[in-house]
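S.K.: Read off the chains here:
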Amino acid sequence: MNLVRIIIVRLATTIVTLLGAAVIVFFVIRVVPGNPIAMMLPPGATDADIARLTALYGLDKSIPEQFVIWLTRALQGDFGTSISLRQPVMPLVLGRLPATLELSIFALVLAVMIGGTMALTGTRFRGTRTEAGIDVANGVGLSIPDFLWALVLILLFGVLVPVFYVSGRISPSLDLPFVTQFYVFESLVRLRFDLWWDLLKHMFMPALALAIPLAAIIGQLLKQSLKETMHLDYVVLARTKGYGENHVILFEALRNAVLPTLTLVGVQFTFLIGGTVIIERLFSYEGLGNMAIDAVINRDLPLIQGIVIVFALLFTVINLVVDMTYAFLNPRLRHA
Amino acid sequence: MLEGRALTVRRSTPRLWLSASWLALISLAAIFAPLVAPHDPLAQDLFAARLPPAWAEGADPAYLLGTDSLGRDVLTRIIFGARIALTVALVAGLATAIIGSTLGLLAGYLRGWVDLVISRIVDIWLAFPPVLFAILLIAVLGTGLSSIIIAIIVIDWTRFCRVVRAEALNQSAMDYVTSAKVAGRTRLSTMWREIGPNVLPTICVLLTIEMGIAVIVEAILSFVNLSISTDAPTWGGMIAEGRTSIHQAWWVLVFPLIVLFLTVLSFSQLGEGLKDRFDPVLR
Amino acid sequence: MTAFLEIENLSASLKRQRVRMLRSVSLSVAAGEVHGLVGESGAGKSMIGKAVLGILPAALAIDEGEIRLDGEDLLAMRPADRRRAIGAKAALIPQDPLTALNPSHCIGPQITGRLVDILGWDKRKADMRARELLAEVNIDDPDRVMASYPFELSGGMRQRVLIASAFAANPKLIVADEPTTALDVTVQKQILKLIREMQARHGTAMLFVTHDLGVVSKICQRLSVLYAGKVLEQATIAEFFADPKHAYSRALLAATPKYTDPGSSLVPVDSSVTDLVAAEIEAVDEGWRLAR
Amino acid sequence: MFKVSGLDLALPDRVNRPLIGKAPEIQILKGLTFDISSGEVIGIVGGSGSGKSTLGRTLLRLYEPTAGTVSFEGRDITHLSEAELRPLRRRMQMVFQDPMSSLNPRRPIGAIIADPLALHGLDGISARVDRALDHVGLPNALRHRYPHELSGGQRQRVGIARAIAMEPDFILADEIVSGLDVSSQAQVLNLLENLVDELGLTLAFISHDLSVIRRLCSRVMVLYRGEIVELAPVEQIFDAPKAAYTRELLDAIPLPDPNQKNW
Chain Y
309 MNLVRIIIVR
319 LATTIVTLLG
329 AAVIVFFVIR
339 VVPGNPIAMM
349 LPPGATDADI
359 ARLTALYGLD
369 KSIPEQFVIW
379 LTRALQGDFG
389 TSISLRQPVM
399 PLVLGRLPAT
409 LELSIFALVL
419 AVMIGGTMAL
429 TGTRFRGTRT
439 EAGIDVANGV
449 GLSIPDFLWA
459 LVLILLFGVL
469 VPVFYVSGRI
479 SPSLDLPFVT
489 QFYVFESLVR
499 LRFDLWWDLL
509 KHMFMPALAL
519 AIPLAAIIGQ
529 LLKQSLKETM
539 HLDYVVLART
549 KGYGENHVIL
559 FEALRNAVLP
569 TLTLVGVQFT
579 FLIGGTVIIE
589 RLFSYEGLGN
599 MAIDAVINRD
609 LPLIQGIVIV
619 FALLFTVINL
629 VVDMTYAFLN
639 PRLRHA
Chain F
15 MLEGRALTVR
25 RSTPRLWLSA
35 SWLALISLAA
45 IFAPLVAPHD
55 PLAQDLFAAR
65 LPPAWAEGAD
75 PAYLLGTDSL
85 GRDVLTRIIF
95 GARIALTVAL
105 VAGLATAIIG
115 STLGLLAGYL
125 RGWVDLVISR
135 IVDIWLAFPP
145 VLFAILLIAV
155 LGTGLSSIII
165 AIIVIDWTRF
175 CRVVRAEALN
185 QSAMDYVTSA
195 KVAGRTRLST
205 MWREIGPNVL
215 PTICVLLTIE
225 MGIAVIVEAI
235 LSFVNLSIST
245 DAPTWGGMIA
255 EGRTSIHQAW
265 WVLVFPLIVL
275 FLTVLSFSQL
285 GEGLKDRFDP
295 VLR
Chain C
63 MTAFLEIENL
73 SASLKRQRVR
83 MLRSVSLSVA
93 AGEVHGLVGE
103 SGAGKSMIGK
113 AVLGILPAAL
123 AIDEGEIRLD
133 GEDLLAMRPA
143 DRRRAIGAKA
153 ALIPQDPLTA
163 LNPSHCIGPQ
173 ITGRLVDILG
183 WDKRKADMRA
193 RELLAEVNID
203 DPDRVMASYP
213 FELSGGMRQR
223 VLIASAFAAN
233 PKLIVADEPT
243 TALDVTVQKQ
253 ILKLIREMQA
263 RHGTAMLFVT
273 HDLGVVSKIC
283 QRLSVLYAGK
293 VLEQATIAEF
303 FADPKHAYSR
313 ALLAATPKYT
323 DPGSSLVPVD
333 SSVTDLVAAE
343 IEAVDEGWRL
353 AR
Chain S
39 MFKVSGLDLA
49 LPDRVNRPLI
59 GKAPEIQILK
69 GLTFDISSGE
79 VIGIVGGSGS
89 GKSTLGRTLL
99 RLYEPTAGTV
109 SFEGRDITHL
119 SEAELRPLRR
129 RMQMVFQDPM
139 SSLNPRRPIG
149 AIIADPLALH
159 GLDGISARVD
169 RALDHVGLPN
179 ALRHRYPHEL
189 SGGQRQRVGI
199 ARAIAMEPDF
209 ILADEIVSGL
219 DVSSQAQVLN
229 LLENLVDELG
239 LTLAFISHDL
249 SVIRRLCSRV
259 MVLYRGEIVE
269 LAPVEQIFDA
279 PKAAYTRELL
289 DAIPLPDPNQ
299 KNW
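Here the protein sequences line up with chains Y, F, C and S, keeping their order. Sequential numbering of the first sequence, starting at 309, is according to the numbering used here. Sequential numbering of the second sequence, starting at 15, is according to the numbering used here. Sequential numbering of the third sequence, starting at 63, is according to the numbering used here. Sequential numbering of the fourth sequence, starting at 39, is according to the numbering used here.
One or more hints might be untrue.
What the hints assert, rightly or not - Using 30 angstroms as the maximum straight-line C-alpha spacing, the simulated DSBU-like pairs for lysine-lysine come out as follows:
#  : chain 1 : residue 1 : chain 2 : residue 2
1  : C       : K255      : S       : K68
2  : C       : K255      : C       : K234
3  : S       : K280      : S       : K68
4  : C       : K255      : S       : K299
5  : C       : K151      : C       : K77
6  : C       : K77       : F       : K289
7  : C       : K320      : S       : K280
8  : C       : K151      : C       : K187
9  : C       : K187      : C       : K234
10 : S       : K60       : C       : K320
11 : F       : K289      : Y       : K535
12 : C       : K320      : Y       : K535
13 : C       : K307      : C       : K320
14 : C       : K307      : S       : K299
Derived by calculation from the structure, the hints in this document are not laboratory data.
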């Protein structure tokens, strides 16, 4: 199948998915009990005020009309004003997104490093106790979700042996020279390694909690895929040529074994980001997820909408990127 | 004599027996909670607040695992919490499995527009962070046991759907499906009778994993105070409380956490163990 | 002629279950000679080739015996030395051309890799050599083929590439493991002829593993008939087809259908024959188990 | 029994699908015309990509022809719906190449044979299963075994038992011995020969191996890229082949004979 066709079809489905997500968000929000208009107004507002605001938000129109109005605004990035914070939603959401992104990417890097090491070690020492041990570790890592790992880590390294920070994004005593919200990135650009290190130390525990299940999945899938590849004729043939075990694993098997793992890692990475919602809460990390829970508790509908839509956009883009990478890495598609 | 398969020895499965034993213990405790629990799960006694477990210094032997900040017995609340956790696991797990697997089977076997519609819906679902989705649904539905169960079903059916669809796609390519057509079996009957038994082991493994996940989701919702009532004995609620008083009373967090950890681990190991033990086809 | 490959008393078994897979196999192949290994599935015929090339599955262990390649005992060497010795002197033509080429590398490096990485050739020289070889296996456009990915070539083309690759380092021994089983008969004929030609031109010793008695008769000078990891009969091709000595060999021949001879009845291998062999093997194995 | 005329079959080529519009079609079968008469064993031979398996499956209407007609016992089945075909299904059965794939791995042998019988409401199912197993020379005790517990030859015989238990008029055998060792192959071929005699089966035997075809078949169809290059009685194909491709095929077969000509 040719690459252009795949890309176009995939873009089309992404748009359909996003539209579907928008419809669902719109309708779920509409059925939340409580009158959002009443909540937006200060106490003592008159019926006329309510009517005016209702008209302003188009809430007096039919549902399909409301959807069109809402969608048009949403496409322009206008999700209204947060009820609880009394600020426009979009800047709020975009202000928090970098923190969550940095945490997720750090977790992904950890997961790939840990999982990759486990898979390669397990393959290198297949059939030995090392492999059996790795299998058990992967099994436990897979079975326990990030929420529980977070609690375990807090208990172990926050309370019993308090060596890591288990709360916040950065030490509150530090002066922050940052102009963007991408603290980790910006501290590197500004060569402020002290701040960078402080950020990393804060991120380590929550990122590890997020990373463990994904690391286990990568470890297990990649190892399985590698072991299957190791039996294929071209790998066996490479051995007869005189190549050693390490060369065979890294240069003959790995690349082909990574492809099937890659698609799965895409979806799993979105799950990891989804996990930040509760993990940020547990570690009092000032990210989008923490804000989301507050928004739900405060019934801050515009803010919830904004956050959910941003997450949905992020997830679909990630899946799109992974699929594209897969297509580009596959020589059959690249050279067709 | 030379048949390779005669040489594969069926793996012994201690994990099956270990996980099954733990789950049996928890289930019995849940069923007979009023009989085995030493106290009333809701009874507060501010004079007996934050008592350490029985073996520690300054403990009251009547409270085996200590008490929380309101003087409620931790062990009793764990036992009653098991009732809620297991109810959610069983009901939500089964319902999710049935709905998700059926849709996945339909999509993977019938393909065509059925698959197109179902797969698109799954894609849309995957665009939402599950925890946020759950919290939002509880906000819509209101708190309570049935809301939690509904929220889990609504969110997690895609897990079954995706896996079962892929498995059904694989199985559909096998000649035994063609063979059923040659025998004159209808499509729907082929799906249930021929493909069904071949995806069942996968579904069972997923089901036990889902039960573990359901327990976790309940705990997470309790943790953000959206589960049942703030008072009700839930593991998540206990963990939330324990988290805030972790430096003063570690036992309020640690014991529910251990129980939750073991239960979730046992659920996931149970499925794999059952498959190893009872699936007629060895791989 | 001196024997280039000598296998003596080679025995192998499954590590965990103590089940024997090869039972005191001895054979020798002279330079320029093609030796056929024949038997049904599970007879251990391709296991011998794998043992020679050092690619036995990890679950199998060699219990005893010697494999001498060019006079050197492979089993006595350190693993890394053994690997290099095999890489320099021996090569494999695998069974399935569809899976024997790495899908993510193009053809060129897959032929020259051994020369450059193991034997330390200059890259330009290795490329020249690859082009020469591709021309030798009747590929018209070597440059284009070397730049292609495996999926762009047909099954027959890929088998040619694999043959060229096997001859790249001027090996003294080639193990051909059912190299034509996955091909159509018409392509099989071309490939068999090609292997025969190349082998004769380069004077290579060859172990040719196959289940097809027809193929054996076309390409080998000698053969070993295997059953349950044991050599039942060794003979020259002419001797074997004129007068097979072992009852099992006769049974195999009688079970093979021949279109030129439709009248003769097809006789499945009788269980009395295999039972006899099995009893013999059991007696030997008994001693082996006691000895451990 | 079968009358086939002008049979065309095209399947969509998903690989080279253009951006918009339908996938181009690959012509697999091109205007095949032939008959299969009751009681004959017809061999269908050809290389990979010749369309021989597709032809077999089109006869059983597992594919719907794009053009031409297929009629079975005088009835036009070219475009019958699956529901209309269902009563006919009992009368035409199939044995598959790979028994590991064609026998449901999670059903015991007895059920695999009995299921289709029950589907068509036949009576005395248990006795029929016994009889079928007996016909193919398998012990009754295998009923409770699962496919992966049998050897390759046994599995293939279960496939045959499943087909003959239905007492069909026609059986399609698609490369059924190509995965077997010579000894199991000889057993299955002998078994098939006997069954044809005993039960008066009409058999279409698809194979790439002309030696096997010669043993079993009374007439042979040679296919090349979806076209019939030769269709003649078996003696004529082997002794006086007309088509160049048939000669090439015959020539390429390695006989177990070191003195064979042209090698």
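S.K.: So, for every hint listed, does it hold in this structure?
M.R.: Consistency of the hints with the structure:
| no. | hint | result |
| --- | --- | --- |
| 1 | C:K255 - S:K68 | 33 angstroms, violated |
| 2 | C:K255 - C:K234 | 19 angstroms, holds |
| 3 | S:K280 - S:K68 | 20 angstroms, holds |
| 4 | C:K255 - S:K299 | 13 angstroms, holds |
| 5 | C:K151 - C:K77 | 29 angstroms, holds |
| 6 | C:K77 - F:K289 | 26 angstroms, holds |
| 7 | C:K320 - S:K280 | 21 angstroms, holds |
| 8 | C:K151 - C:K187 | 19 angstroms, holds |
| 9 | C:K187 - C:K234 | 20 angstroms, holds |
| 10 | S:K60 - C:K320 | 47 angstroms, violated |
| 11 | F:K289 - Y:K535 | 22 angstroms, holds |
| 12 | C:K320 - Y:K535 | 41 angstroms, violated |
| 13 | C:K307 - C:K320 | 21 angstroms, holds |
| 14 | C:K307 - S:K299 | 25 angstroms, holds |
The earlier numbered hints that this structure contradicts are 1, 10, 12.
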